Amino acid sequence: MSKKTENKVVSRKDVTKAQWTLHMMNKNKIGYFMIAPFMILFLIFTVIPVVLSLILSFTSFNMIEFPKFIFMQNYITLFLEDELFIGALKYTMIFAIIIGPVSYVMSFIVAWFINELPPKIRAVVTLIFYAPSIAGNAYVIWTTFFSGDRYGWLNAWLMKLGFISEPVLWTRNTKYMVPICIIVALWMSLGVSFLSFIAGLQGVNRSLYEAGAIDGITNRWQEVWYITLPSMKPQLMFGAVMSITGAFGFGDVVSSLCGNPPTDYVGYTVTHHINEYGSVRWEVGYSAALSFLMFLIMIGANLLVNKMLQKVGQ
Amino acid sequence: MSNTKGRRLLSLFLAALIMAGSMSVTVQADDPTDTAVLATAPGPEESDGTGMSLQNIKDILATVTYEQYLEQHKDDPLGKTEVQVDVSAYETDAESTTAEVEVVDATINGKTVKSLNVGEKGIVTFKVNVPAAGMYSMSYMYRPTTGKTTSVERTLYINGKVPFKEARGLIMKKAWEPAYTEQEDGAMRFDKDLNGNEIRPRLNAKEEWLEYVLNDANGYYNDPLLVYLEAGENTVTFEAVREPFAIAELKFIPQETTPKYEDLLKEWESKGYKNAECEPIHIDAELPAFVSDYSIYPINDKTSAKTEPQSAKYTLLNTQELSEIGQWMEYDFTVEESGIYSIVLRYRQNTNEGTYSSQKILIDGKVPHDAAANVKFEYSDSWETDRISDGENELKFYLEKGDHTLRIATTLGDMAYVLRELSAIQSSVNTDYLEILRLTGASPDEYTDYGFFRVMPDTMKDLRDQSDRLYEIVDYMEEMNGKSDLLTTLESIADLLHDTGTDEDEVASNLEGLKSDLGTIGTYVLELSAQPLSIDYISIQSPDDKVPKADANFFQNLWHEILQFFYSFFIDYNALNSIEADVGDIEPVEVWTTAGRDKTQIIKNLVDSKFTPVSNIPINLKLVSGGTLLPAILAGIGPDVALEGMTSTGSTITTASGTIIDYAIRGAVLEVQDMPGFAEVASRFNPTSFNPVDLYGRIYGVPVSQSWNMMFYRTDVLNNLNIEIPKTWDDLLACIPVLQFNNMEVGLSASLSGFTTFMYQMGGEFWADDGMRINFDDNIALEAFEKLVNMFTQYSMPLSYDASNRFRTGELPLFVGDYLSYNSIVIFATELAGLWEFSPTPGTVQDDGSIDTTSIGASDAICMLRGCEDKLSAWEFMKWYTDTDYQVEYSNELVTLLGEAAKNNPANLAAIEQLSWTESEYEALMEQSENVICLYQYPGAYFVQRYVDFAISNAYSLGTDPVEELLGYVSTINKEISRKREEFGLETLEVGQTLADKRAGQAQEELKALSAADKETYKEQIKALDTALKLAGDAKIDALNVCIENFSKADEKLFGTAVGYLQEAVTALESYRHS
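Sequence order for the protein chains is A and B. Its first residue numbered 1, the first sequence is counted upward by one per residue in this note's numbering. Its first residue numbered 1, the second sequence is counted upward by one per residue in this note's numbering.
Same shape as in the complex, but just chain A (with noise of 0.2 Å):
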């Protein structure tokens, strides 16, 4: 026994690991019961999908009849010979990009400002912010203002002020698209994420701010960067998850706007190509193949996310 103190972990004699594992599991029993709704859910909807998804990525699957298994196949297509891919690819990092730590920042500096306000008054103003967001779609609005129309709510104005003499096609126009869609994105960005950080600002000790007075804080930013941001910590890895995801999964938008495919595939997105393979072409082997890929890559974002957000306040 002395030997194996070094362990952390004392290992018995007279039970296995697996008797002790059912043990403790026998005791904490009540635990168990208390996740196991939520468990069992989140394996049957999410982990299992998941799993099947890479499973299905390995063969070639038209929807109607039995998958066939083609291994790597569509793993070398997709890295190899699709072009679409790699536009694709090169907008989604437009897009997350932009929108990503643009929205983020945006999103905190925002709720920082509405921080500020008198409660009653900051219940309304959050709310305004937060509107475009619960009203679901509403983000269809902006097609009334970008439409093509020659009565569309842009077009309409410029030529009545004279800076065009026949409508503009804003979403067709493979010049505009990009920052039409890039605008929306933003508009919509304040989201949950805003409200987790309304939620952390409320919750940071108010002690800390005095105790740095006394240290020698002398502005806001100071304050900001050294007190604020790392109470935070739990909420800012959470708004940059959401924000990942969002940034990553960024496709309606713009199918709605620019229509499904946009002209030329500019600002075709990954996610508008795993529906293009899995709903238009019929070839969802394929496009589970690609949803795999963008899962590693979000994980990946992730953690670089993480890693970065350790660094705050120092």
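Be a bit skeptical, because a hint or two may be false.
Covered stretches of chain B (in silico footprint by chain A; criterion: 3 or more residues with CB under 8 Å from a CB of chain A, positions within the stretch not fixed) [said to hold, decoys possible]:
1. 627-636
2. 659-666
3. 956-967
Since the hints were derived computationally from the structure, they do not count as laboratory data. On a predicted model such as this, the values are computed, not experimentally measured, just so you know. Glycine residues also receive a C-beta, built at the ideal position from the N, C-alpha and C atoms.
Based on the hints, put chain B in the right spot on chain A.
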């Protein structure tokens, strides 16, 4: 403490918000034809006639209204004598009578008279000799000669001219007799289905003589219309609009007067008539002897416990409904004792809010007194029982002992005057609006001084006049009914008209408002025309008897509701099962549809009453949501038959829509071309309708619906600008300068449908090499594409526009679109009734001078799915579903239930004839349908649309050359086509290769594989082949033909395969030629 409570509540609220926000709900666009719109268009459109040439339009629009006609003839006396016309003595010269006529003997009311059968096209003329000039009323007996669901329609000419607008489109309704079944207790009621629910009865057209008196089909004039006849000889002409009929006893009579109610009461008193003293005569309203429309049928009402008969468990048909002008229901009853009776109705009028619904009562075919022509039923949420009244008195009727008929007919009553005025005001204001539009364009500048008083003083004055007229109407209605929302709106419209007509600076800013007000008036005219009434039973009883209770008391209703609630756990509302106890062991055929509850109910009713009883095949009809077909087939629990529309997922965000071919190449659909009776089924359709479900001779479905493009135009606008209706694209381009000068535009489809229309009219083809590649690199296709893009770039036609809205305002008086746009315009732009038409799309002039008006059609089909075990039964269902009878009934039901905006587009050509299109609309549709081509949907078809859109967008936005744009995409498209074909084991081509090249290559391969000796022997021929392949065009074809001959002559066996390849290459080359 309250602070934390408040915080708790707030955080609960926020938590709920977060959850709501993170569950994004996909917005699904509603299929517009599914929403139940109860408004129905008022009778037929006013403009009938051919409407195809500018002159016709001018004539139609220039006819006066009846009111103006009466004004013109106000000094003429009323006719005093009755003049009969012998219909067998019709005018026989070729100009006067062009219809097919036949003199037949007929028995009417026991007498034998001469009658004339008149065909459904052409005119027939009679001579009338009247002793003195004057205003006469016209009446005759008529008998419909077909059992079709549409009413007989004619236009009347007096002395060669249509006397007034209302003489166009005279409607003669048919009498429909419901078929009742004798029940166990001897009563006549309805058939029941397996679950015990009553089924709607079949209605048969009664080919009997009915009386027609000249009246206004819209109901705007309550009295019969009078026509002016000169002294001496006059001609009367009937022009066919729809349906054949037989006419007899045509006569011109002095105006009939209905006795006044007060006079009658006095007369009864003087004759000593007393109130009857006997049991009330009870008539169930759901069992009429005859109804005027195929669409009047009994309905189930479960809202009141007292509706007779009522059941919480079963669906019993217990009420009947009237709503449109011109509809009536007739009942038979027997009176035991002569006397004075009053009529009690248990009714509900819960549609015309704030006002009443008017009906007319006829006893034995005649209105007994003027009060009976104007019976009012007030609005109420619940069922009422009242003695009928005209708003002031409860009405009494004197009935002799014996059999009688009671007819309840819709009428506009006091509202007739209002609607006439509103209609006229709307028409005037519309003309004014168009005048202003011509000057200012659709978006006038508020700050420009257009000088309206200087340029169009009459228009301004007219606006003020109409405003005064509208104020009068408002006052009149206020006196009648008191204030209501409607009146406030009308008043504000009158204010707007007045302001616009007085202050010319207001015109520009008010133009928008004027346009929308026109729409409001139009909608009101539509709504106020409806006179809805639901009736449960009629009780003819003595005026002294007490009126039965209208509704059950609270507890009875409560118990009724409780019972229904209880039963709702047992009744299966979703699986709309069918009837038939004696089908034995036949497994039901499972049919799925995504059509929405209203439509599915119609389908179910028709299946239950028409299919299963006749074929003994039970049907399990299931209503599912879009997108379930695919997973169901995968899971093996799919249906046997899928109705049309099931193969698309119905989502608007993703374009994921499969075509039947997509399902078929994956083995999910069964072929039907070998099923028994297929040839007969195929003859019902335009032969190309099968193309979208035809894959190399294997046919995977039967077309159900089909639509194609027609050209819609505003007759008033074109008339105003003197523009002839374009028949070719050149005509269209010629009228563009005129239109654009007047701030108007023309609408075309900037997408695949526009492109393919041009392509096919110019003689091109969409697919090349039997679907192995797309034919866009062909010269004709490129020319067609350039022509299309030029429309938008050079001629500035709008690329993106809302056709319905702009058509309505008049700034897009002409557009080419799907013919079902009819549905949205008719309900959306109600004020345009009679001011627009559609005609075949413009065509392209061919080398020989003929005009090719080909249009590309889209069709959808019903298919049989894998896993269907009883193929023959499923096929029987498919045959019945696509047959004329069902399609006609279904389409007409849709219109009855959902209104004019629910017209259906059946692929069955014979069915279209019996839909409620007017004769001219039907002719236009049929003319275009002869030139409709549907495209094949070879694998890879889904990939084409997007590139055409890209090419058009780029050519328009970036100014690039359209031909280059399109050519740039051809190889990408071909690559995808090959990819898909490979997936399914179909032959493919390399990118850039044509079939001719491939076959030639294969032939040369064959030749290379010959032994050296053979190569020596046939060196000549082989060299000839090489030379031939270097040629091009016709020379190549001829040279190849020579080679084929050479090889065949040389050695059949040795060169067999090579020759085969060469022959295919020649065929392919010939197909690239443009003959």
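Can you give the numbers of the hints that this structure goes against, from lowest to highest? Every hint satisfied by this model.
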